[in-house]
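Following the hints, put chain B with the ligands in place on chain A, whose structure we already have.
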Amino acid sequence: MAKKTYLQALNEALGSEMERDERVFIIGEDVGRFGGCFGVTQGLFDRFGEARVMDTPITESVIVGAAAGAAASGLRPVAELMFVDFIGVALDQLFNQAAKMRFMFGGKAKVPMVLRMPQGAGIGAAAQHSQSLEAWFMHIPGLKVAIPATPADAKGLLVSAIRDDNPVIFLEHKLLYGLEGEVPEGEYTVPFGQANVAREGSDVTIVATSKMLHTALCAAETLEKDGIKAEVIDPRTLVPLDIETIVNSVKKTHALVLAHEAVGFAGPGAEIAAQVAEKAFDYLDAPIIRVAAPFCPVPFSPPLEQAYIPNEASIIGAVKSIR
Amino acid sequence: MSLSKEKMVAMFKTMNRIRLFETKLQEFFAAGRIPGFVHLYIGEEAVATGACASLTDTDSITSTHRGHGHLIAKGGNLKLMMAEIFGKSSGYCKGKGGSMHIADFDLGILGANGIVGGGGPLAVGAGLAAKYRKTKDVTVCFFGDGASNQGTTQEALNLASAWKLPVVFVNENNGYGISCPQCKSMAVTDIADRAAAYDMPGVVVDGNDVLAVYEAVNEAVKRARKGEGPSLIECKTYRWRGHFEGDACTYRCDEELKEWIAKDPIPRFEEKLVENGVLKADGVARIKAELAAELDEAIAFAEKSPLPEPSALLDDVYA
Ligand SMILES: Cc1ncc(C[n+]2csc(CCOP(=O)(O)OP(=O)(O)O)c2C)c(N)n1
Ligand SMILES: [Mg+2]
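Just so you know, the sequences run in chain order A and B. Residue 1 is where the first sequence starts when you use the numbering used here, and the numbers rise one by one after that. Residue 1001 is where the second sequence starts when you use the numbering used here, and the numbers rise one by one after that.
Next comes chain A alone, as it looks inside the complex (with noise of 0.2 Å):
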């Protein structure tokens, strides 16, 4: 195993797939020689030339229709929107067009595209360029959604994705591009609805997503110390969901908190939570608490964005309350 960051580990996935299958291409606005808004095409230009690696105009709404299209007629793309937030402009294609083909036509297509955009808030970029929208895909049956937290997850789950035959919405935090970790060397890939305990325990259960993972982590070193066991589980795919591996986690533990950086009001921890009520009702001695964004956009003001983020402390407390 090599040590690479999150941005390289995803531009290797996307290297070695287009190697490996001419099928697949790269298509979003300045993903060509300038190497995407963040870098992650880096240098897959110079390497497999304007056909495969496409700039659009900007046009958000065409960038996913056409990969729809595209895929429908038996190609894999990999679109890039720069920001998650562009979804906005392009939602009918993917929710209406590209999620629905299959079941609307009788199971007679098959869409097999991938849909990265970066999302997360903390780099100052305000209310439309920092927020987590996973709840939002998760929401529309078709769409599966992987959301990647360290730099193997990047690399095994994009493989996986892009070699998936339904749409893959894949959620890149931007403050995880330049995080190292290890990344395994060559073929390798991450199954699609299988969560990552990162971290065992006996006391409490975290489930925490993308760069709130690290914080659960961190959160979970210093409630050590303070005598609490907890268990730190990623389900890296919010669609399918591992409700099993948290299920058993839970009834190891008996309490359980949700992370994200998502809004918490009807976010992707709703979900989680209810089925863990659902499941495991009788296992749980405390409320399930969820630790996640105010029910407001992403402010701009760094004190204000800082108060937005849920944090290690938020963690800890949560967990305080209830172990």
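Treat each hint with caution, since some may be false.
[As the list claims (entries may be wrong)] If we take Cβ atoms under 10 Å as the criterion, some of the chain B residues that face chain A in the derived model are:
#	residue
1	Ala1031
2	Ile1034
3	Lys1094
4	Met1186
These are calculated hints, taken from the structure and not from any lab test. Don't be surprised by glycine CBs; every beta carbon is placed ideally from N, CA and C.
For chain B with the ligands alone, coordinates are given in the frame of chain A:
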């Protein structure tokens, strides 16, 4: 020329005010004093200035991510702008918006916008409101060459024309949408040609000639006020800085930039004013000194203003 001397001097001041303000932002950003993204308008000042010169306080504009110039040209308050860009609670939007989201509804500034192509439909709405309420107000929609390719922009052009709304679409064609040159993003050379598809006037002007911009937009504004519908004015210009501060600009060459710097709209206008006896050299110096003092005040205001309290986070989510 249809413009009074006073008006021309005011326009000259506006252009310089934008340039000074932005040059300062460039410096502040490099020094790490401004959070978030900053998109500078340096080199394009003639467009906002020429376009807003025909507008009153009750007319509206919709702006873009590169909005400081539009806001200043529409009369925006430098203190409140600077404080907002610093993320201070005394700023235009209480520090919640930042550089990309400044608005002043009292001045008809309907907001800078982080979404490319977000302004067109809003301009249609503002035009609709003016028509509905039978005011004579006009809305100017600023949008880039890149934004011209968004469906939202094309839909807005169509509806404004179909309903004969008082909207003037001012396209700022600076040749690029981030790294993507115009020739790679559209097959037409002149964005104004697209006006024909919507049966509205489409005009190309030198966007570095403030008077040319003024003349073209003034015609369009008059037409809009008379109820004759929208127009599309394409202003050919260039951004001197990177797409955002920190962009290394690897996608364009130095010669191109030099050619455009030679067409700097500010000295061009200054020469014309001096030549025509509107301004003297000492007048120019006096204006620049005044503007520098005004900017210093704005900076001092922003610096001494407090940051917002975290308790303000949940304010203003709903009316
Ligand atoms: C819907 C949407 N897509 C993409 C972006 C990212 N983006 C910000 S500015 C920009 C380029 C805009 O080009 P143009 O309209 O020509 O304006 P300019 O920056 O040249 O002033 C892009 C792609 C965005 N902010 N919103
Ligand atoms: Mg442009």
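Consistency of the hints with the structure:
{"no.": "1", "hint": "Ala1031", "verdict": "15 Å, violated"}
{"no.": "2", "hint": "Ile1034", "verdict": "8 Å, holds"}
{"no.": "3", "hint": "Lys1094", "verdict": "8 Å, holds"}
{"no.": "4", "hint": "Met1186", "verdict": "7 Å, holds"}
Figure legend: structure checked against the earlier numbered hints; the only hint not met is number 1.
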